[in-house]
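Please build the complete structure, drawing on both the sequences and the hints.
Top line first, the protein sequences correspond to chains E and L. Just so we're aligned, residue 17 is where the first sequence starts under the numbering used here, counting upward by one. Just so we're aligned, residue -11 is where the second sequence starts under the numbering used here, counting upward by one.
If you're looking for bench data, these hints aren't it; they were derived computationally from the structure. None of these values were measured; they are calculated from a predicted model. Cβ coordinates follow ideal geometry from the N, Cα and C atoms, glycine included. Hints are supplied without guarantee of correctness; some may be wrong.
[Said to hold, decoys possible] Examples of chain E residues lying across from chain L (beta carbon under 8 Å, computed):
id	residue
1	68
2	95
3	99
4	102
5	105
6	217
Read off the chains here:
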Amino acid sequence: MRLAVEVESLTKQFGQIMALDGVSFHIKPGEIFGLIGPNGAGKTTTIRMVCTLIKPTSGTILIYGQDAVRAPDKTRQIISYLPEESGAYPNLTGWEYLEFMAKLQTGFGVNIKNVVAEAAAICGLGDRLKDKAKTYSKGMKRRLLVARALMTKPKLAVLDEPTSGLDVMHAYHIREIVKRYVKDHGVTVLLSSHNMLEVEFLCNRVAFINKGHLVMEGEPKELKARYNSENLEEVFAKVVGYA
Amino acid sequence: MLKGFTSILVKELKELMRDPKILIGMIVLPLVMFPVLGLVMGYAVETAQSEARHANLVIVDNDGGEWSSTFINYVNNSMNVVIINNTTPQHVVDQGLLYKNNSTMLMLVPQGFSENLTRHVSGEYNITARVTMYGVFNAGGGIFSGIGGASAIGLVEGFNRLVAPNLVVASQSSIIKGEIQEGVDSSILGSLLLTQSIALPITIMIMLTYAMQIAATSVAMEKEEKTLETLLTMPVDRFSILMGKVSSTVIVAGVAAVTVLVGYNYMLGSMTAGIAGSIGSGVNLVELGLVPSMSGYLLLGISLFFTLLSALALAVVMSAFSENVRGAQALVGYIYPLIFLPSMALMYLDIQSLPLVLQGVFYAIPYSHPSIASKAVVTGDYLTVILGIVYVLAFTVVIMYVASRLFATEKILTAKLRLSKDNKKQAD
Chain E
17 MRLAVEVESL TKQFGQIMAL DGVSFHIKPG EIFGLIGPNG AGKTTTIRMV
67 CTLIKPTSGT ILIYGQDAVR APDKTRQIIS YLPEESGAYP NLTGWEYLEF
117 MAKLQTGFGV NIKNVVAEAA AICGLGDRLK DKAKTYSKGM KRRLLVARAL
167 MTKPKLAVLD EPTSGLDVMH AYHIREIVKR YVKDHGVTVL LSSHNMLEVE
217 FLCNRVAFIN KGHLVMEGEP KELKARYNSE NLEEVFAKVV GYA
Chain L
-11 MLKGFTSILV KELKELMRDP KILIGMIVLP LVMFPVLGLV MGYAVETAQS
39 EARHANLVIV DNDGGEWSST FINYVNNSMN VVIINNTTPQ HVVDQGLLYK
89 NNSTMLMLVP QGFSENLTRH VSGEYNITAR VTMYGVFNAG GGIFSGIGGA
139 SAIGLVEGFN RLVAPNLVVA SQSSIIKGEI QEGVDSSILG SLLLTQSIAL
189 PITIMIMLTY AMQIAATSVA MEKEEKTLET LLTMPVDRFS ILMGKVSSTV
239 IVAGVAAVTV LVGYNYMLGS MTAGIAGSIG SGVNLVELGL VPSMSGYLLL
289 GISLFFTLLS ALALAVVMSA FSENVRGAQA LVGYIYPLIF LPSMALMYLD
339 IQSLPLVLQG VFYAIPYSHP SIASKAVVTG DYLTVILGIV YVLAFTVVIM
389 YVASRLFATE KILTAKLRLS KDNKKQAD
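As structure tokens, this is what we get:
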């Protein structure tokens, strides 16, 4: 079976700083894969490289067999990215924002109205989509952006801290959306999060990153059993030596 | 004392003074810019005074009497005088005698000058002698360009103080583009000159700085809100993203350029209507070279447009080196001296009067060109305007190329202009 994501020996150096050192992991199609780690561990750097935003110093990234480093243009046709704490254009309405993004994300012959209608259904913002994005709460904005990331049913959706800073209701809504979308449309998801409970709830498999190294990888249930821990937070602490 | 005021004040001062962008923008730049501006203005005044001291005055003596000799001798003590007898001012201009004698001023002592003076000193105080000063009006000159003519008028006053009050009355006329314009007071034209020298450069300064702030904010907002990151992962050509961004600001710039020209034209129209009224209805101000022709306006508009375009492109490039709106605005602020210095200097100076090196510096700064063009279109020097447009266009192409390279690589996200060691930040 062809893998959705194959990352091999990925390194990234910013000047004197080694942000990522020999990271490798694989993601199966239709899987939700979580990258977990503290601030500065290298999660966002990994994600940015997978999304063709920055180039690795060395290593390879294949997305559904497509070389993300050598053929970034082709890779961009099958991925969708939600950056951490990103915003929408404040003076566009939610609807206009979705329409604009749909036009950029889809190819010729795609009915934009259908794509936007799909996004409207995902985010559940109803009539508020007619309002300018600057009037939205943080949670509403995030729901809009998650809907944008999923509306075209990309082969790979990369979500960086999708529920960071949201209240329980909005975070719950977003987790439900992601889970349902993977189930209904077979979208593969790579997500990063600080929230271990979220990761445990959402992800089929997780990888721990610490100081630029991938230190552990596996299914949440399996990892908890292996380290005799109540939750992933405890596993992480034991793996990196905090506990 | 308000509770906590001192602590908040000290904290704010520390925050502000430790930000190198603010330190450079608010303290270092003014410390450099104003002394340089002072030097330029000092040079302008010195040059104008020196020109006035060494200026030749051509006197057409159509009287040839005793008093005219006395008067001319008096003037000759303070200025270098070239005397031409029995001719008309227009003939002097037509024969190029002003140019040959390195002069921009002509004084006509008419027939009957000595007779009138004799009658005045004999007690007929209602009889006065007249002289007419003809100054070459240079629409491209700086605001000190009329200083030579003023000193010649001063000498007439000096002569009156020496002999008798109100003995000689001086009237002023102008020589505009080789034509004598009787009764056109150069001081009235001076007000027009002043407007041209000051109003447009100030408007250009405001427009350029405002447009650059808008463009820089636009890119920085995308970076701050991370919408740029999203856009860069879309299956669209990155050059399209850049061009879309620049093109939108170009449209705004185009509208701004037209607005400035319409306003400028209206202002000149209001001013010149008054001047035309004072010098007679048969005079065409465009033909006189007092206001730009239609083609002049067109060239000025093109010059403004491309200068704006280059400024906007540069603002986009610079804002790529900042992480947020505040940083982008501070970075763009470093360009302002390149806008302010030439614009302010050219209010006071005719660029042609500057030493060659300074001329080169001014021509090399793209933001000088609308100011240079605003004077050149009035004098009909379209070649200077066209060459300026070509230069600014070439500069813009280079900047756009740099911008496209930035957008094509990860530098658009990772490039940072580091002004201090503590700006280093590890990627997550």
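Taking the hints in turn, this is what the structure says about them:
For residue 68 of chain E, the shortest C-beta to C-beta distance to chain L is roughly 6 Å, which falls under 8 Å, so the interface hint holds. A hinted interface residue such as residue 95 of chain E counts as satisfied when its beta carbon comes closer than 8 Å to some beta carbon of chain L; here the least separation is about 7 Å, so the hint holds. Because the smallest distance between the Cβ of residue 99 of chain E and any Cβ of chain L comes to about 4 Å, under 8 Å, the interface hint for this residue holds. Of the supplied interface hints, the one on residue 102 of chain E holds, with its beta-carbon coming within about 4 Å of a beta-carbon of chain L, less than 8 Å.
Evaluation of the residue 105 of chain E hint against chain L yields a held restraint, the C-beta minimum of about 6 Å falling below 8 Å. Because the beta carbon of residue 217 of chain E sits about 23 Å from the nearest beta carbon in chain L, more than 8 Å, this interface hint is broken.
In this structure, only the earlier hint numbered 6 is contradicted, and the remaining ones agree with it.
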